[in-house]
Amino acid sequence: MAKDSIVTIYINEKEYKVKEGQTIMQAADSHGFKIPRLCYHPKLSIEGACRVCIVEVEGMKTYAASCACPVAEGMRIHTNTKELRRARRDIVELILDNHPKDCHTCERDGNCELQRLAYAMGIRHRHFEGERKHYEKDLSSESVIRDPDKCILCGRCVRICSEVQKVNALGYAHRGFKTVVMPAFNAPFSESVCSNCGQCINVCPTASFVEKNYTQELFEKLDNPDIIKIAQIAPSVRAAIGEAFGLPPGRAMHGELAASLRKLGFDYVFDTQFSADLTIMEEASEFLERLQGNGPLPMITSCSSAWMKYVEHFHPDFLPNISTCKSPMAMMGALTKTYFPGKIKKKPEEIFSVAIMCCTAKKYEAARPELMVDGIRSVDLVVTTREIAWMIKSAGIDLVNIKPQDFDAPLGISSGAGAIFGATGGVMEAAIRTAYELYTGETLLDIELASLRGFHGIKEAEIVIDGKPIRVAVAHGLGNAQELLAIAKKDPKRYHFIEVMGCPGGCIGGGGQPYATANSIPLDEECLAKRAEALYAIDREKTIRRSHDNPDIQRLYREYLGRPLGQLSHKLLHTHYGAKLPRGIIVGGGE
Amino acid sequence: MKTKQDEKMNLLEEYMQEMKKQPYAESQLIGILHKAQELYGYLPEDVMEAIAYGMNIPAARIWGVASFYHYFNLEPVGKYTLSLCLGTACYVKGAGKILDRMREYLNVDVGQTTEDRLFTLQEARCLGACGLAPVLMVNDRIYGKLTPDSTIELLDKLKKDAK
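Sequence lines, in order, name chains L and E. Using our numbering, you'd call the opening residue of the first sequence number 398 and step up by one each time. Using our numbering, you'd call the opening residue of the second sequence number 2 and step up by one each time.
Because the hints were derived from the structure by calculation, they are not lab data. Yeah, the Cβ is synthetic: ideal placement off N, Cα and C, and Gly gets one too. There could be a bad hint or two in this list.
[Said to hold, decoys possible] Straight-line alpha carbon distances no greater than 27 angstroms define the calculated BS3-like cross-link-like pairs of lysine-lysine that follow:
| id | chain 1 | residue 1 | chain 2 | residue 2 |
| --- | --- | --- | --- | --- |
| 1 | L | LYS563 | E | LYS22 |
| 2 | L | LYS458 | L | LYS530 |
| 3 | E | LYS9 | L | LYS887 |
[Claimed, not checked] Which residues of chain L face chain E? A partial, calculated answer using Cβ under 7 angstroms:
| id | residue |
| --- | --- |
| 4 | PRO439 |
| 5 | TYR569 |
| 6 | VAL577 |
| 7 | ALA581 |
| 8 | PRO585 |
Start from the sequences, fold in the hints, and give me the full structure.
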């Protein structure tokens, strides 16, 4: 079918010229309609499961699902008849009849697509009392909670897990009313192939998937006067948290966050961007070591926790290629339990170290034994952007209008390179800025690497360092990462350095970010682009844009660590990951 | 994780190799699950994992197919699988009464296996042998024109044979 040929259709008696091959929904969308919908997501395959998007097509015996039905020449479509409105309302009502009636005690209250749809369809009474589902919640995972009782079987989670992330942790099991979305063999999530990325949470229209919530525990700790409460904030949190307060995406709110967290009860607010700079110092040094023959190439980044778990499950053969650097969160955690207590004359046991992350997988990462320092956890607790937004609201703090404050010394100053970590390609860009100078002794002038920015699945670039061409590649989302690994496997000399982020768009699209608002869709690229731009703007506005120029990083090495890859760095900032064998694994690789 | 490499697994792997040569190899999954059940009597978890590896099909999807069809046993079954037809013809000829007697005699419900691992009781929807109604399938043999009494006699005989 020639996709650029034009057909004439009639929507509600009015003539439109639309592209052949489009679905009725796509054609209608491009002309100012927005047919109600539920299971549809533009990044995922067509499921046709919910039937909410039905339209009337003259000559067809039954209503057609507009998401799945292609347009045809002369088609006469009706989107807004009395019968249709009623049928749609009935469909949503029937979905609701099997759904718990607990909206105002639900995690997604006010953010629920089903709730919005029910309102828009005009459901004002519940005529039927349907049979309810009663299943145990799966609380086994450190990151993601699964609650089948709230599931309406739209299948978005199954599709994002298999089509975008290519993890395939989820599938439909059993049939009919007893259908449940679950991991293979009904295994607990913690034993499945799940990478903890949390994208199922992002796309779920209800609260069938939510993060493991630690807000009450954190409130309790904040009330304890006998411990030192330290927060660190990931780059992407500042770029997105405004959305949870009704602001349009793209406003960076680090100053407001620092001020709000102090009001919430934190004694010190540090910046994960500082430890991102530290990661770059270590990672760029490690890369140069490997480039000189000490260690396997291509070197692959290790910051993304979902990515690390994915490699352990699916590609353990690449583990020697993974940088030994801990993630910025874990590096900051280690410093808050070693370097910093020394500064304030406290014991590590008196410190409670909290990470505020855009990520659900970080919850799992923080609990990893690989990241312990001297037998204690380096990060005690992780909350997502969504959780901290709720806490700030709950505590009655005006994040939007609060007077911005700075981060605390000595772990609060960051370069622009640390900020862009949150967007796909950012770690690579930051690493190149530093590696170039460490290797050549000259300053890289053109520091914005446009070819590494944006949302192409796999991005490649070549940088000449001291006459030697260095080939790098960047992938975001685990599906793209799998493809990139397949390329690297086939042609091991093709790349020197690879950056992978587990989530679409990088950390800005993390599984812990604010839910899509009423006029948006989850993982909307426009929204991701605005979040990324907020980080690039931070970078542009900084006078210090290279990690090695950060004066507090220099001081940390001078006073404490010695040198990158030195003995203390090795103890605190580096680790090794090992292969894991979950239940239900398949050999991926995309050969 | 790794399945025990025995004669059955060798046969299953051979079968998968054959299926992999077919066009749209992934669509051979149901046939492979049939083969696995024929070999093992049910679908053990590690066998489904071996199929996932062998066919490069996600285990979550295999689990979905295996749990969708009643035909596939996810638990070990008895020596004899008793599938009583409850299709229309069998039902009007008294299959319901036969089912009640079987339940009582075996002391298990539909889908369960007797403690001595001899019988698994299942119901079927039309076995295509309506002329013999009511019919009972014992493993892959059909017994027709049954009454509650003759069914119990049959079970008694099977019990004796098994000893």
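We went through each hint and held it up to the structure:
no. : hint                  : verdict
1   : L:LYS563 <-> E:LYS22  : holds (24 angstroms)
2   : L:LYS458 <-> L:LYS530 : violated (33 angstroms)
3   : E:LYS9 <-> L:LYS887   : violated (35 angstroms)
4   : PRO439                : violated (23 angstroms)
5   : TYR569                : holds (5 angstroms)
6   : VAL577                : violated (9 angstroms)
7   : ALA581                : holds (4 angstroms)
8   : PRO585                : violated (13 angstroms)
Checked against the numbered hints above, the structure breaks hints 2, 3, 4, 6, 8 and satisfies the rest.
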